[in-house]
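One line per chain: the protein sequences are A and Y, in this order. According to this note's numbering, the first sequence holds residues 57 to 308 in order. According to this note's numbering, the second sequence holds residues 57 to 308 in order.
Some hints could be false.
Since the list gives no way to pick one copy over another, a pair counts as held whenever it fits inside one copy or between any two copies.
[Said to hold, decoys possible] List time: in silico DMTMM-like cross-link candidates among lysine to aspartate or glutamate, alpha-carbon distance up to 20 angstroms:
1) K117 / D61
2) K90 / E206
3) K124 / E208
4) K71 / D95
Hints are computed from structural coordinates only; laboratory data are not their basis.
Number of protein chains: 2
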Amino acid sequence: MRETDFVSGFARGLKVIEAFGETTRRLSISDVAKSTGLDRATARRCLLTLSELGYADYDGKFFALTPKILRLGHAYLSATPLPHIVQPFLDRLSEEVHQSASASVLDGTEVVYIARASQKRVMSINLMPGSRLPAYCASMGRVLLAAMPEDEALSLLRQTNLKSFTPRTLTDPGQLMEELARVRAQGYAVIDQELELGLCSIAVPLENDRGRVIAALNIGAPAASVPGSEMAARYLDPLKGIARMLKPLLRP
Amino acid sequence: MRETDFVSGFARGLKVIEAFGETTRRLSISDVAKSTGLDRATARRCLLTLSELGYADYDGKFFALTPKILRLGHAYLSATPLPHIVQPFLDRLSEEVHQSASASVLDGTEVVYIARASQKRVMSINLMPGSRLPAYCASMGRVLLAAMPEDEALSLLRQTNLKSFTPRTLTDPGQLMEELARVRAQGYAVIDQELELGLCSIAVPLENDRGRVIAALNIGAPAASVPGSEMAARYLDPLKGIARMLKPLLRP
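Chain A extracted, bound-state conformation:
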């Protein structure tokens, strides 16, 4: 790519949007400059542009994103057939097993939810399309990492901040690679309270009609009602059934 083919103002602006997050709803020009590494004048111009275009509100001191910004992310969800095709299958699965069912894809070191059918919430996090979880300790993440060449998976793990969410979280890259090998061999991943105490989940890969893994499907359940050791016995068949039904529908 030639340098003249790159719109730096656009790249900087996208960085500014990403500076807004869960704990950073209202940001000043200095806040944005600090968290993006852009100089103050650039941060200011990007923020004023967002506000001028209606993507942000400005009260004279703080900027906050407006719902117009949802147009950007939603373009992916509405334009990608996968969430649309998968959703009714997740609805049916979730109803059948009385637990939440989700689909996600990998984006870097994280899984991104693209569809979800939820029953009573057991997680403290409110998961929805667009939500992200670290791949290494999520069942869908394990399945998606296991589908990659080993060196790529290891390289992603090395880029990840491997922290313990619970005392059970695997954080050693060597142990994680062993677990990925097991997931690859058995064709599914079970997470037993590694992400949140009280929560188990099981995931299987979702292949397209050419046999390439393009997403993962999972079911989450409260550990109090379904112990980790029983997840596969209960949910593996329904999950695999849905993956089998979806396979011929998913063209590259």
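Following the hints, put chain Y in place on chain A, whose structure we already have.
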């Protein structure tokens, strides 16, 4: 705003992202130039920038957004407390009435879903946070338009392409303004198959603790099981109950 405070490259880039949509998942440089009104060279540079930053894939001819783009819209949902506060109330409401319950805000002439608890799907559209519907024929849209000064509501209606989704859709601005007056007086809006045949919905305004309408809540139901004329008798009290519980929690 001074012209030098505006980053045109950023503004053009955002336009390019918005060019991707439900029916336009894969776009060539010419497609984007055409739909955005940008010249080919500019469209090309914006697309290559998106691809360079990982927000788009490029196969040499077509560009498609990647899940990384969800980071942009998701920044709003995760950074705004409203969806988080509202979600558990919607879950409870949806479970209680065995119908889908949603919350949305206004963005221009459209309502944008910010939270949703769904039961069996009755709509052909897969609604999720970030989904949009035209305000004039959606129950939450009617409630939000009714909360505005009349001249602003009328001006929004005049900017809207008022089309008939079903034979029952109100499309006359005069009739719509009368309906908004009724909605304002009675404190809720019922849509009886104006958006989709077979679907009814009822919405109430959601006020913050200072009495300002900041969002709308609704319940949708299949017309076959709950006729439009019975929506208020069945669902108005549960909806108003939730709005009352939420009010003191919503600070400006």
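Checklist entry - Does the structure break any of the earlier hints, and which numbers would those be? => result 2
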